[in-house]
Amino acid sequence: MITDVIEPAIQDVWVYLTARPLVWLTVTIAAYLIGQWLFDRAGRRPLVNPVAIAVVLLVALLMVTGTDYQTYFDGAQFVHFLLGPATVALAVPLFQNFAQVRRAALPMLAALVAGSVTAILSAVGLAMLFGVSLETSRSLASKSVTMPIAMGITEQIGGIPSLTAVVVMITGIIGAMVVTPLMDLLRIGDWRARGFAVGVASHGIGTARAFQVNEIAGTFAGIAMALNGIATAIMVPLLIVLLD
Amino acid sequence: MIAAMMGLLACQLAGELLARLLNLPVPGPVLGTILLFLVLVARGRIPDTLRDVSRTLLANLSLLFVPAGVGIIQHLDRLRGEWLGIATAVFGSTVLTMVVAVLVFRGVSRLTGADAAASDEGRA
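Top line first, the protein sequences correspond to chains V and P. Our numbering puts the first residue of the first sequence at 458, with every later residue one more than the last. Our numbering puts the first residue of the second sequence at 15, with every later residue one more than the last.
Quick caveat, the hints were computed from the structure, so don't treat them as lab data. Glycine is no exception: its CB is placed at the ideal position from the N, C-alpha and C atoms. Some clues are possibly wrong.
[Claimed, not checked] Interface residues of chain V toward chain P, partial, derived using beta-carbon atoms under 7 Å:
1. 473
2. 508
3. 515
4. 549
5. 551
6. 563
7. 571
8. 583
9. 620
10. 657
[Claimed, not checked] What follows is a list of derived Cβ distance ranges for each label pair:
11. P:27 with V:499: 36 to 46 Å
12. V:497 with P:61: 38 to 48 Å
13. P:63 with V:501: 27 to 37 Å
14. V:465 with P:31: 48 to 58 Å
15. V:478 with P:66: 20 to 30 Å
16. V:672 with P:57: 14 to 24 Å
17. P:31 with V:497: 34 to 44 Å
18. V:500 with P:15: 26 to 36 Å
19. P:70 with V:470: 29 to 39 Å
20. V:671 with P:16: 29 to 39 Å
With the rest of the complex left out, here is chain V (with noise of 0.2 Å):
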């Protein structure tokens, strides 16, 4: 009998709670933990991926209530927006390890030519040879960039944004479980090198790696993010004629 009042009551609540914010801010940033939990008790092993972990739970909330990408986004969307403030941030250990940064300016310009010219033609040529269709393939061709900047990236060339959203978040993950058994594998002790390395190929979440690891890593990511954003907006409208 009591549930007869109970039940219409909850659904009530629920109803009025899913079309807010909060609900979905803070289940975002509960996924996130329960990753972030996960991936220390799992020994902070780089397979164990804390953003893998979240977006998998919330995808599996997402189809178990029925709600859309759009409501869900919209209570997310607070987080999403730190993105800025988060890219503008860098500047903070760029100028405290500047001395150091300096006197790698010409590894750093050389890698950075390197990394971002095969992080395009690869990604593209591979889909294409995979028969990809043409619309996906041009979404993957600034995976290796930072998310605001791919997006931006993919709606002058003509692909889908959303979906370039989704590839550049899988490829950040990829690099961060990858980054640190490929180095000991290539035998690189340089923290310089390896962090650069992972910037260049997976942006913010190969960042947030490797500053788990080390600083100057990290540092030498998050400057290598930065100027694959600046590289890869100006080299993809160019080398996109070259594979159409």
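Model the placement of chain P on the given structure of chain V, informed by the hints.
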């Protein structure tokens, strides 16, 4: 904390304005990074609160990618149809990019003597 947040937002805003007004292909936040860097160079030091806020933001950078990442839910059909090609392209290209970047960095570092400078730093 509020002042530091304001500083970051102001640099981003100035960056967005510059990019629009001058029609630059460079995104606003990246110009904002350069602007903040120039401000720090001019002041010669980092305010403590800015250091703390920046550290907090950068330490949790990966959280900020989650909302857009959940957008994968909108593309499940496309991914189902083309997953092999997309997965190969993204994985192959990411690994290849890292290998190329790190080898070029190391090679040029050795050639230009930037290595010696770095190891001096390590000792100091």
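Tested hints:
A hinted interface residue such as residue 473 (chain V) counts as satisfied when its beta carbon comes closer than 7 Å to some beta carbon of chain P; here the least separation is about 22 Å, so the hint is violated. Hint status for residue 508 (chain V) relative to chain P: holds, with the closest Cβ pair at about 5 Å, below 7 Å. Interface hint status for residue 515 (chain V): upheld, as the beta-carbon distance to the closest one in chain P is roughly 5 Å, under 7 Å. Because the beta carbon of residue 549 (chain V) sits about 4 Å from the nearest beta carbon in chain P, less than 7 Å, this interface hint is met.
Among the interface hints, the one on residue 551 (chain V) holds; its C-beta lies about 6 Å from the nearest C-beta in chain P, closer than the 7 Å criterion. Among the interface hints, the one on residue 563 (chain V) holds; its C-beta lies about 5 Å from the nearest C-beta in chain P, closer than the 7 Å criterion. Because the beta carbon of residue 571 (chain V) sits about 4 Å from the nearest beta carbon in chain P, less than 7 Å, this interface hint is met. A distance limit of 7 Å between C-beta atoms decides the matter here; for residue 583 (chain V) the minimum to chain P is near 4 Å, and the interface restraint holds.
Because the closest C-beta pair between residue 620 (chain V) and chain P is about 5 Å apart, less than 7 Å, the hint holds. Here the hint on residue 657 (chain V) is kept, as its CB sits about 5 Å from the closest CB of chain P, short of 7 Å. Distance hint for residue 27 (chain P) and residue 499 (chain V): a CB-CB separation of about 40 Å, consistent with the stated range 36 to 46 Å. Against the hinted window of 38 to 48 Å, the Cβ-Cβ separation of residue 497 (chain V) and residue 61 (chain P) comes to about 31 Å, which falls outside the hint.
The beta-carbon spacing between residue 63 (chain P) and residue 501 (chain V), approximately 29 Å, falls within the hinted interval of 27 to 37 Å. As the Cβ distance of residue 465 (chain V) to residue 31 (chain P) is approximately 51 Å, the hint placing it in 48 to 58 Å holds. For residue 478 (chain V) and residue 66 (chain P), the Cβ-Cβ distance of about 26 Å falls inside the hinted range of 20 to 30 Å, so the restraint holds. At roughly 22 Å, the beta carbons of residue 672 (chain V) and residue 57 (chain P) sit within the given window of 14 to 24 Å.
Between residue 31 (chain P) and residue 497 (chain V) the beta carbon distance is about 41 Å. The supplied range of 34 to 44 Å therefore holds. The given range of 26 to 36 Å is respected by residue 500 (chain V) and residue 15 (chain P), whose C-beta atoms sit roughly 33 Å from each other. Checking the proposed 29 to 39 Å range against residue 70 (chain P) and residue 470 (chain V) shows it holds: the Cβ atoms sit about 33 Å from each other. About 31 Å separates the C-beta atoms of residue 671 (chain V) and residue 16 (chain P), a value consistent with the hinted range of 29 to 39 Å.
Of the hints listed earlier, those the structure fails to meet are numbers 1 and 12, in rising order.
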